[in-house]
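K.L.:
For reference, the chains in residue letters:
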Amino acid sequence: MAGGLLRSIWRRIEGGEAVRAPPSGRRMRTGGGERLPHHATGGQPPEPVHATPPFSSASLPSPALMAPPSPPPGTVLFMHLAILFLLAAAAAASAAALEEEFTEELLLRPLPDRKALAHFYFRSSAPPAASVGRHHHLFPKAISQLVKKYHISELELSFTQGRWNYEQWGGFDPMSTSNAKPPGVELWAVFDLPLSEIDATWKNLTHTLSGLFCASINFLESSTSFSAPRWGFKSNEGNLRYGALPREAVCTENLTPWLKLLPCRDKAGIASLLYRPSIYKGYYHSQKLKLRSSQSLGIILDQTLTVVLQPNTINGKQLHSSHRQLQPSWSMRHLFNRKLSGKCLVSKSSRIFIEVDKGIVDKINKSGSDLSWNNEFFVLSNGPDRLTKDLNNLEVQSSSIYEYDVSNCSEEKPFDVGITWKLPLIWSCTPSPFHVSRFLMGSGNERGSIALSFTSTNLHKKIFGSPNDCSIKAIIFQIVPWYVKVYYHSLEIFIDGNRKAVSDVVDKIHVTPSEDKLLPGTLEMLLRFPCSMRSATLALDFDKGFLHIDEYPPDANQGFDIPSALISFPEFNSARNFPETDPLLGSPLLENFQEDTVVKSYTEVLLVPLTTPDFSMPYNVITFTCTVLALYFGSLLNALRRRISEEERELKKTATRHGLLPLLLAKLRGQKVDPTESGSSSESTGSKKLLFKVVFVAAAAVLFHYFSNS
Amino acid sequence: MESLVKQETQPKPRLIVRLGVFLASHHILFSVICCSAGIIALLLLPSLAKNTYLSENALIPGSATPLFSTEDAIEANRFMKGIEAADGDSIGGIDMAKFIAKQIEELGAEVCYHKFLPHSKHFHPLKFFTSMSNDMAIQPNGTDTNFGINTVGIIRAPRGDGKEAIVLVTPYNSQRVHSNELLSLALGFSVFSLLSRAAWLSKDIVWLSADSQFGEYAAVSAWLNLYHNPVFPSHSVILDTKIHGADHIYDGNAEKAEFEAFKRAGTMAAALIFKVGETRRYGDRDSVTMYAEASNGQMPNLDLLNAVHYLAVHRQGFRVNIAAFSSLLSSAWLRVIADFFHTLGTVLRKINPDWKLDIAVPDYVEGTANLASSIYKQAIGVPTGSHGAFRDYQVDAVSLEFTPTFNVRNENAKSLFLLRGGRLVEGVVRSVNNLLEKFHQSFFLYFLTAPSKFISVGVYMIPFALLLAPLPIVAAALADGSKTMKKLAEKSIGDSKTNGSADFLQSKGGSWKWLQAAKVLLVIQLWAVLVSLLPYYITQIPDATPIQSSVIWAMLSIVILIALYVMSGSPYSAGVEWKLLKATMITSISIGLGLMSIINFATAQLGALIMIPMCLFSRPLKARSGMNFLPRAVLLASNITLAVVGFPPAALLIMKGLSKGSWTVDIGEFWVWMEFLWEWSSATYLYLFLVHLPCWLLCIHVLLHPCSQSESKMKQE
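If you read the protein sequences in the order shown, they are chains A and B. The first sequence maps to residues 1 to 710 in UniProt numbering. The second sequence maps to residues 1 to 717 in UniProt numbering.
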């Protein structure tokens, strides 16, 4: 009964709220976030769940609600409410598993080229929709609405600036395979919908995301900019859509809405380290949003921000090339210019990891010292709470992670951790099996070729030993805009400089040819390279198309982008293996590292110069066309209006007519003008009039000129 | 009486037709006026030049404080000492490349070597029509020891997307290293090292230290060719068979082998070639000379030159020069013309203060010298430096040659020079880096009269148009004149016979008379094509001296001409009237010049200056006219001089004499000159042999025309 009453009240409140401010969920969420202990109602039927948010806002609208009825019912109502919440609190403990959760983590890693990588990882999860209803405590309502409305089962949106350096920063670890993204915006989504509805839903989704993230993701709406890969990107049943905008500039305007999805924004917790000038000064900046949703799991939202920073050395001076041997020592405060003073209160866990690469670990092991936080090569500023070692297949330790729990730090006792190098150390990251680069060939505005070159890094020898008769699989996924008309039959493959038949190397190929102004071309190709191969090159010829004048984007003279190609190596798995991770204490970040992910790498974006008209030309064309038309119609009308007989008469007249001058001469000579010409006198008076007029106008003009000048 | 009535009843023709008829009837006066107006307009060009301005607002040159500091200058000095040491114990310049590569690697930038062979001389006059083909991508093979090594350093822009790149080139001769080349390498390195630390880059930086032992152009174009048109099978051949003698560049080190892989950045936005020339002991300021002419008169976008000029003059205090004909600077007659234009300009200015034609005399002289050099260099169609190689791939490029005024031993002055030079290059890179689009705002078609003054296409078209205007009128007048002459002759017969049908047939035969002239023209054009292709076979003769080659060429041309006459009949035997011949010649020349003005305007302009007077003046030496002795003699003399000047070898001789003052006749020189043209695949070669030479030959035909038949016919009647 109490539930029913409450429900009716809530309906009224909800109606009012909804009209006033559509994103009410967010307001309530942020308000509700502070009152976490009260929100333990997950296990109950829908009605009590509805009841939870009003508690936070009940004190506010209650006077309004109370006004019409008499006081006694009001006290009754409050009593009911109180009882209800007691009940709810009791039920909370039993239903902890289905609670909304938020965790925040940060991973720091020194990189071989004197830089440092920082990887922020925030996970918000919501239990399955049926148990939650429409309201959330921690989980961003905008996202859950999005998931529900568009029936998204998976979605990933990334905003990236800069290029991931696969050679220096690694190409074989979870960081590079799942967090190295192509420059600009990349969006893909898997829909849980009938195939016929997917394209329309995708279009709506792009608009929604565009509004949500202040980015021009809506340009992916047009069918020329997205495609439906079958297996080259991620195997699916045709319900995946992929689109990329390489030219999208990424800045704080995209970061702010992203931060708004976090319960504490950047006011508290690890996100407070995100001092804009420091993170945008970096060499690579990629913010990502990944959604997974299913009936059993609910919605899991992973928000990651990966930045590569150049640490300011302690004395703050840019070193010259001569003394570049020692790695720069850095600390969190140096990297971000911010202190970490306390966790986000609603987060379940709040941790910071420092990862040390396999290269360093090998060196330390070789030197014989143990892998403590204070060893021969480096020292960390604080002792870690835990040390996690990653064991690869052969039970050899590959990297180690020092873990710090920052739940206990506070304003008075800010947390800071750093690394100080004792000895110069040079190491390298594990590369991906092939180093892939893509470039354009040819010049001019007519045609060209796209070339993909693979250079072996001999990784397979380290992993599989060195059987030379083996082969390595590689999948290429490439989208080409329609105005770059690729001739797929012109595919040429050279392995170590020798041309190979396509059938020898290509196992499987799926091509969606482009259609002018309708569809981009998509190429999915499974290749099999021999292990002994050192380098391979694929070349595809293309013709450059012509665009209609209003299809040119702003700054058209820059050229046109071909989005990055994705190369994945399905036989190589970058998953980490942490044997001692306790699944209960496990962090989502480490869990993510343990997931099976194939090794992937993105290639460069290409810039194709197309023929670009002079955009001031339309004006010229209009002027010329108008002139030609005027001439044409003028002469046509002239010809139509004219009558031949009239003309002849006219001609006769002119033949008999004497000019003014001969007339005057004749008069002067005293000759008589021929009296037969009756019209001559009137004619002469007419010409006199004309002369008079001309003189008058000329005089007026001269006078006017004179007066206006003086 | 009857005819008068007829005339009256006939309606008046349209105005434009009447105008045409009027002009044709006064064609001599018209052509004289137009030609002289054209020449005057050409002489007026220096005073019509406008000041340059930056069209592209994104460039904003000089708005940032340069970061190139004395520390970088010290870095450059350190580099110079190192490379001097490397050069000391070097074998074939490989140690220098190694040293440069090591330095680049220490900066944290990517580095690779590029090996190339000099490209052999080929006769491919039509190459400019086709795109840059792969014929230059000759890869070194196992037996060759003579190869060049370019060292390429690449900085990836920190936050850039790697779509675009800016190229810096410093040429040096690895075989014989001069101290100024080391200075330019040091300058290049210090700028590169500064840029490797720059956080503001949005485009990648490529530094090419080009090994110019086979010439700067060869090194740069070989690299560009491999960059744009790699050949995969042969690409790996180099990987496999390491060049003999180059083995010790890799010390068996696997790490070094990766230098071998050719590395690329994105699409090139612009290129800047800079080198330090000979130091001068005199002069007040360090100067920079800009070279911009690429093949076939193509120029980089004017904005690039403007940015360089602005930074050099207004920020770094360099004196900026462009190439000039120095002989013109001291010529007296130019001074007289300048004086005349100056007084004319002042008079005009009094009439209308807006007409600013009164350019000061020294300015005019200097402008003319620069303009003449600018037109000449564009007309030759041969690039003036390695920037020409970039233009072939639609990349805007400019060469800067620094001429410092210090003693090499003066370390302070050197550091100061390095500082200023480095800041200039840094400023240009910054400006180009600011660009969002490629260069497109400003002019591509222009002549320079001073580093900061230009004449745009709209202005320099005028003299050419004026020169070309009388051609169709004269051709029409001549064709019409020969027809009416015939008609008059026939009319006198027709009056007596009054046989309409015969008259009709006769006149029909007359109107098709031009076919004879056209046939002569075609035969001569065929001859010209054959003559222009002859060098292909002559170059196959081993060990031929230029004199031998040119003599063979001349002999063969004459033989071919005679053979063609034997086959098709002598031009005079068919009874071609000289007026028709001249009309055909004028038609062909106007078509030829019109076409050439599209391919290379400067060539067409210079050609028009020589050929149009020659064509218009030409009349048979034997032709009778009612003129007095004096005008006739003047006409004859001018005919002969123009015909001599119009002959390409004679023109070359005169040009050489004017520029160098040596009047020795060397037959081989013409061959060398032509070789130079076709080696660089200049369209000027084609112009000379397919337009100029046939026209000259037709002119000679006209001059030597017997003019007996028609007049004798007239006499008979």
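It should be emphasised that the hints constitute simulated quantities derived from the structure, not laboratory data. Remember, it's a predicted structure, so these values are computed and weren't measured experimentally. Ideal placement from N, C-alpha and C gives every residue a C-beta, glycine not left out. Misleading hints may appear alongside valid ones.
List of simulated lysine-lysine pairs, DSSO-like, C-alpha gap at most 27 Å [to be verified]: (1) A:Lys473 / B:Lys263; (2) B:Lys263 / A:Lys363; (3) B:Lys102 / A:Lys500; (4) B:Lys102 / A:Lys544; (5) B:Lys102 / A:Lys422; (6) A:Lys348 / A:Lys260; (7) A:Lys462 / B:Lys263; (8) B:Lys377 / A:Lys461.
So the derived label-pair ranges between C-beta atoms look like this [as the list claims (entries may be wrong)]: (9) A:Leu518 / B:Pro118: 47 to 55 Å; (10) A:Pro613 / B:Pro362: 42 to 50 Å; (11) A:Val702 / B:Leu344: 23 to 31 Å.
K.L.:
Within 27 Å, alpha carbon to alpha carbon, are B:Lys102 and A:Lys422?
P.N.:
Distance ~26 Å between B:Lys102 and A:Lys422 Cα, so the pair holds.
K.L.:
B:Lys263 and A:Lys363 were given as a pair; does the straight-line alpha-carbon distance stay at or below 27 Å?
P.N.:
The hint is violated at about 30 Å.
K.L.:
Quick check: does the Cβ-Cβ distance between A:Leu518 and B:Pro118 fall within 47 to 55 Å?
P.N.:
About 50 Å separates the Cβ atoms of A:Leu518 and B:Pro118, which means 47 to 55 Å holds.
K.L.:
B:Lys102 and A:Lys500: Cα distance at most 27 Å?
P.N.:
36 Å, violated
K.L.:
Are B:Lys102 and A:Lys544 close enough, with their CA atoms no more than 27 Å apart?
P.N.:
The hint is violated at about 40 Å.
K.L.:
Can the suggested window of 23 to 31 Å be confirmed for the beta-carbon pair A:Val702 and B:Leu344?
P.N.:
Because 29 Å falls inside the window, the suggested range holds.
K.L.:
Just to be careful, I want the Cα atoms of A:Lys348 and A:Lys260 compared with a cutoff of 27 Å; is the pair within it?
P.N.:
18 Å, holds
K.L.:
Tell me if the straight-line CA distance from A:Lys473 to B:Lys263 falls inside 27 Å.
P.N.:
Holds - the C-alpha atoms of B:Lys263 and A:Lys473 are around 25 Å apart, at most 27 Å.
K.L.:
Can you confirm whether the C-alpha distance between A:Lys462 and B:Lys263 stays at or below 27 Å?
P.N.:
Distance ~26 Å between A:Lys462 and B:Lys263 Cα, so the pair holds.
K.L.:
Measuring from beta carbon to beta carbon, are A:Pro613 and B:Pro362 in 42 to 50 Å?
P.N.:
43 Å, holds
K.L.:
Just to be careful, I want the Cα atoms of B:Lys377 and A:Lys461 compared with a cutoff of 27 Å; is the pair within it?
P.N.:
At roughly 58 Å apart (the allowed maximum being 27 Å), A:Lys461 and B:Lys377 break the hint.
The earlier numbered hints that this structure contradicts are 2, 3, 4 and 8.
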